[in-house]
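**Q** One letter stands for each residue in the lines below.
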Amino acid sequence: MSKKYILLDSCIIEYLLNTDLNRNISDYLQTVDDGSDLQAISEITYSELTEGAFKHKEERVFTFLNKFTTFPVNRRVIVGSGKLGTLYRMSNIDVKRIGLADKLIASTAIIQNHAIITSNLRDFPVPYFLISNQKNITIRKRGKNILLPIATLTPNYPYINQLITKRN
Amino acid sequence: MSIHIPTQSIEPFYFGEVLVDGTSHISPSRIGIPLKEIIKASKKLAKEKLFIPKEEFDE
Numbered sequence: 000m001s002k003k004y005i006l007l008d009s010c011i012i013e014y015l016l017n018t019d020l021n022r023n024i025s026d027y028l029q030t031v032d033d034g035s036d037l038q039a040i041s042e043i044t045y046s047e048l049t050e051g052a053f054k055h056k057e058e059r060v061f062t063f064l065n066k067f068t069t070f071p072v073n074r075r076v077i078v079g080s081g082k083l084g085t086l087y088r089m090s091n092i093d094v095k096r097i098g099l100a101d102k103l104i105a106s107t108a109i110i111q112n113h114a115i116i117t118s119n120l121r122d123f124p125v126p127y128f129l130i131s132n133q134k135n136i137t138i139r140k141r142g143k144n145i146l147l148p149i150a151t152l153t154p155n156y157p158y159i160n161q162l163i164t165k166r167n
Numbered sequence: 000m001s002i003h004i005p006t007q008s009i010e011p012f013y014f015g016e017v018l019v020d021g022t023s024h025i026s027p028s029r030i031g032i033p034l035k036e037i038i039k040a041s042k043k044l045a046k047e048k049l050f051i052p053k054e055e056f057d058e
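From first to last, the protein sequence lines are chains Z and G. Per numbering that gives the first Met the number 0, the very first residue in the first sequence carries number 0; after that it's consecutive. Per numbering that gives the first Met the number 0, the very first residue in the second sequence carries number 0; after that it's consecutive.
Chain G on its own, in the form it takes in the complex (with noise of 0.2 angstroms):
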């Protein structure tokens, strides 16, 4: 099941110097690859243990 992200209408506003109104302001300086791509890597490198381990589950 997949889930819904719901549409929202925007009435324009100035955030900072961008008028907001629910068009794209910034382009992406890189365009990725499928998330099932991504995904097979990221089950490989997980075994490899990349991060310095942390506590932060521990709390």
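Extracted from the complex, chain Z is given alone in its bound form (with noise of 0.2 angstroms):
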């Protein structure tokens, strides 16, 4: 049995570096982790993060995450995202709304039999991937109250295998 890794999806490390939901956040992943360490990220993160942070300050963004497990956005990846979306379309889901960053994220998921943390659910959507673990995070901005969910999803494999069958 290969070692499993939790995915952290690029929104999660955001939070994290947001003084508002790093507590919240970081006591999150502590209750996920069981000691093992096995929280991870995919290169495409890199990506992600580049693109919100300000240009002086992107080499602390890299540092912080070169402190992850990180997995490679290879072939593999790429070719298991492309299969995602077509399975997205066939179930007749709005696949324009889902990023390929987040496709190829589900697709290292899929491949490795990974969970995955995000906050983002509508990106990694059921019944594609199924929800363990849930807690919703309120948070107060510009005197509403918002509520973020974090969650712990895991591919469903029957479903998934299932469809590619159907495919084939």
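Check each hint, because a few of them may be wrong.
Cross-link-like lysine-lysine pairs, in silico, DSSO-like; alpha carbons within 27 angstroms at most [as the list claims (entries may be wrong)]: (1) G:LYS48 - Z:LYS3; (2) Z:LYS54 - Z:LYS66; (3) Z:LYS56 - Z:LYS66; (4) G:LYS39 - Z:LYS2; (5) G:LYS42 - Z:LYS134; (6) G:LYS43 - Z:LYS54; (7) G:LYS48 - Z:LYS134; (8) Z:LYS56 - G:LYS35; (9) Z:LYS134 - G:LYS39; (10) G:LYS39 - Z:LYS66; (11) G:LYS42 - Z:LYS95; (12) Z:LYS2 - G:LYS43; (13) Z:LYS66 - G:LYS43; (14) G:LYS39 - Z:LYS54; (15) Z:LYS143 - G:LYS42; (16) Z:LYS56 - G:LYS48; (17) G:LYS39 - Z:LYS56; (18) Z:LYS3 - G:LYS46; (19) Z:LYS143 - G:LYS35; (20) Z:LYS140 - G:LYS42; (21) Z:LYS2 - G:LYS48; (22) Z:LYS165 - Z:LYS95; (23) G:LYS46 - Z:LYS134.
Hints in this document: simulated from the structure, not taken from any laboratory.
If you follow the hints, you should be able to join the two separate chains into one complex; please do so.
**A** Here you go:
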């Protein structure tokens, strides 16, 4: 049996580096981690976080990302993301609202049998992914309470297998 | 209390070029440091406001 990592979606890294959310995200990650330090990221997260970072602070973001176990975006992952896009279309899921980066992270999780932690549940749609655990964080923004879900998802192999067989 | 992530048995199938069967097909390109150290580093960095503010929570 291969080692099972937990892939952290790019939004989780971004929230971890947010003063308002750091505590909640840290607590959640520590709850999921059993001391085996299995948290990991995809290389695509470097791209996603560069996009949102101040130019003069990019290096500090990269230094932080270098602390994580990282999975490459290789041909297998890329081909898998294309396959996943096809399956999404078969299920009438609006693929335009799911970015390539999310499909690459999803593909990595499916190929490797990894869980994913995210707060963007629509990017990893049910029933392709099943929610193992969900915690809702309430944050205060401009006088309003906003609910932010953080969830651990696992690939729904019977469903994905069934769809692939159906397509073949 | 820690969260249990269920283990699945997988009926092998081809996902693109890979036979998905629960074994590893991709090696990490880097092995990271322990979570506790990552969290410690994140607390310091979070104060530096590295990202351009978004209005994503306003919806």
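**Q** Please name the hints from earlier in the document that this structure breaks, with their numbers sorted from lowest to highest.
**A** Result: hints 1, 11, 12, 18, 19, 21 break, sorted rising.
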